[in-house]
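> One-letter residues, chain by chain:
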Amino acid sequence: MTLARRRFDALIIGAGGAGLNAALQLANANLRVAVVSKVFPTRSHTVAAQGGVNAALANVFEDNWHWHMFDTVKGSDYLGDQDAIEFMCREAIPTVYELEHNGVPFSRLDNGKIYQRAFGGQSQNFGGAQAARTCAAADRTGHAILHTLYQQNIRARTHFFDEYFGIELIRDEEGAILGALTLEIETGEPLLIEAKTTLLATGGGGQVFRTTSNAHINTGDGMAMALRAGVPLMDMEFFQFHPTGIAGRGMLITEGVRGEGGYLINKDGERFMERYAPNAKDLASRDVVSRAIVTEVKEGRGCGPNADHVLLKVDHLGEDIIAKRLPGIRESSKIFAGVDPAVEPIPVFPTAHYMMGGIPTDRLGQVVIPAADGSEQIVPGLYAAGECACVSVHGANRLGGNSLLDILVFGRAAGQQIINNLKDSPEHRPMSEAAIDQAMAKLTRWEQPGEGISVRELRDEFRKVMEDHAGVFRTDEIMAEGVEKVKALREKLKDVRLGDQSKVFNTARIEALELENLIDIGMAIVLSALERKESRGAHSRPDYTERDDVNWLKHSVYFKEGDRLDYKPVQTKPLTVETFPPKPRVY
Amino acid sequence: MESELPPLGQLRWQCRRGMLELDYVLIGFLDRHYAGLSPEDQRLFIRILDFEDQLLLDWVMGNVVPSDANIRRLVALMQMRT
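These protein sequence lines map, in sequence, to chains A and B. Just so it is clear: in the first sequence, position 172 is 869 by the numbering used here, and no numbers are missing. Just so it is clear: in the second sequence, position 58 is 114 by the numbering used here, and no numbers are missing.
Don't take every hint at face value.
Said to hold, decoys possible - Here are the computed distance ranges between Cβ atoms for each label pair: (1) B:88 <-> A:1181: 37 to 45 Å; (2) B:91 <-> A:1266: 55 to 63 Å; (3) B:103 <-> A:1256: 25 to 33 Å; (4) B:103 <-> A:727: 52 to 60 Å; (5) B:88 <-> A:1199: 22 to 30 Å; (6) B:100 <-> A:791: 29 to 37 Å; (7) A:1192 <-> B:62: 49 to 57 Å; (8) A:1191 <-> B:89: 49 to 57 Å; (9) A:1124 <-> B:102: 23 to 31 Å; (10) B:62 <-> A:804: 37 to 45 Å; (11) B:95 <-> A:1123: 28 to 36 Å.
What the hints assert, rightly or not - Covered stretches of chain A, as calculated for chain B (at least 3 residues, CB under 8 Å): (12) 765 to 777; (13) 857 to 866; (14) 1016 to 1029; (15) 1173 to 1184.
Unchecked claim - With the C-beta cut set under 8 Å, the calculated list includes, among others, these residues of chain B facing chain A: (16) 61; (17) 68; (18) 73; (19) 77; (20) 90; (21) 93; (22) 95; (23) 96; (24) 97; (25) 117; (26) 122; (27) 131; (28) 132; (29) 135.
These are computed hints drawn from the structure, not numbers from a lab. Even for Gly, the Cβ is constructed at its ideal location relative to N, Cα and C.
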């Protein structure tokens, strides 16, 4: 059968904030742009971002982009590239105004200007008084931005391929990316999309861990596609965990619960944080609380029939305070944990929330392969933006309000750079049949008949291994064991078979393709984490408790071929201002 | 004439949303309740899937009460432990 083909100037895989902001730039420039999304675009994970977008608009307090830059560099534990961070903080301001002009209904101050709220990690004058830098549309900023961008793209005639799954990038012998093989989920038929440029904007991969706040769609598809195309992933060991997710489910229970007087107990009813942090107790930093929870479980003091979680006790606060100060928590606990926190404690466990690492790009969104000497080789025709990319602006730790900012600034920058590059490369490069066949093999592999391991069985086993061996408790011994286990599971993938070979809306086939992606990025995470012998930002190790700027002020770079790790220097020189030298990160 | 109901695989995919909370609630509902619903309620569930994520979340979390009594009834079922 002939393979269906379409041709576009630009192909964007992923329809969250990054993909849609890039698409809008391209469509407004009258380029033919295709957006491929495995779910309906407004069901992308951007919709879940409640907080807001940082930009130094100075609408509430005095502010400027340079202070925002300082906070971001410090927040990154000095692992962020300072040229990219300067760019992001400068571009934040026109990016927010552009969104406003496109119709995002930002909350307003009485004087009509955009309302800005204060968030942790924001300061005036390089570490001074609290700043108020986060622009928000009530508590649904991601929703407002996503819907606005989608509507603007419809107006601009962006071509959407809804419910299509990106399977594999197609490249030529020189390594240039020529488009991608996709799968129409409804019919189960492949579609080859040829494009002069391809942008990966597929979001994060929280589903790699058993307990995550990420939606089921967050399976790291773009990152895994890049890996298989010979592109490395950078800084994959840096993953933000939140100490209190609903056990077995992952939804966040806000830190405000402990701020209001809630506390953690183990199976003996002991308030165990008193042992780990005698002063701060339950309000100790996230990594300390997360690791304490995991230690309690590992040492047999976990709760429940499987002894796999601890309990967050709030009932002593009384119904009135719970209703007034912790709205949403009661309902959320009832629905997802089956407990009423006014009566009984909430089962909790650390939940994976945000990945700082991803596909290495420059600040224009172009995918680059970094070398140890600091030089970068651009991958022709390939861009990445959003959580799947690593520019790197978050370094070892992302600040609140900077994730929406990242996707919007770098989605926009990538779109503008694609427009520039297309002026110099007006033609499609030829695509070889061998390259297409190689990509098709990725799909036809799942047509192998016979009995085998089920996707669900291997996925569950893999996500548990990742939680146990690359989660919040990271020692040499635990992670080395994790690397071996992930390698063994990767081998087992060959024995997985689909029971259902049908084509129409065969979601089992999509889940199989997602599982391959998860395992690819899982290996990047556990191996990068094992080899980083220090504690920095979100990567916290009891066996190497200090940050080590002498040996580890560098980015990890993982290549799938040979499971090889390399390193590249951090760009400490900003574009126009003085370097912020590393200092202890204290708040 | 009533239109044919979409295949289960299609519904399962449309229960994949941008928010983890909705993933659990919608897939849980599909698995536990959908097959036992009347054809009218099955169509109503399919209609509910067309609403945007934020509104669905507000319904499920009890922040907003659906004005349609039938939707209210199905949302109440969804709110039972998933």
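> Each hint needs a verdict: does it hold in this structure or not?
So, going through the hints one by one against the coordinates:
| no. | hint | verdict |
| --- | --- | --- |
| 1 | B:88 <-> A:1181: 37 to 45 Å | 39 Å, holds |
| 2 | B:91 <-> A:1266: 55 to 63 Å | 58 Å, holds |
| 3 | B:103 <-> A:1256: 25 to 33 Å | 48 Å, violated |
| 4 | B:103 <-> A:727: 52 to 60 Å | 37 Å, violated |
| 5 | B:88 <-> A:1199: 22 to 30 Å | 24 Å, holds |
| 6 | B:100 <-> A:791: 29 to 37 Å | 45 Å, violated |
| 7 | A:1192 <-> B:62: 49 to 57 Å | 33 Å, violated |
| 8 | A:1191 <-> B:89: 49 to 57 Å | 38 Å, violated |
| 9 | A:1124 <-> B:102: 23 to 31 Å | 45 Å, violated |
| 10 | B:62 <-> A:804: 37 to 45 Å | 38 Å, holds |
| 11 | B:95 <-> A:1123: 28 to 36 Å | 54 Å, violated |
| 12 | 765 to 777 | violated (count 0) |
| 13 | 857 to 866 | violated (count 1) |
| 14 | 1016 to 1029 | holds (count 3) |
| 15 | 1173 to 1184 | violated (count 0) |
| 16 | 61 | 13 Å, violated |
| 17 | 68 | 5 Å, holds |
| 18 | 73 | 5 Å, holds |
| 19 | 77 | 6 Å, holds |
| 20 | 90 | 15 Å, violated |
| 21 | 93 | 20 Å, violated |
| 22 | 95 | 20 Å, violated |
| 23 | 96 | 23 Å, violated |
| 24 | 97 | 20 Å, violated |
| 25 | 117 | 5 Å, holds |
| 26 | 122 | 15 Å, violated |
| 27 | 131 | 11 Å, violated |
| 28 | 132 | 11 Å, violated |
| 29 | 135 | 6 Å, holds |
In terms of the numbered hints stated before, the structure departs from hints 3, 4, 6, 7, 8, 9, 11, 12, 13, 15, 16, 20, 21, 22, 23, 24, 26, 27 and 28, listed from lowest to highest.
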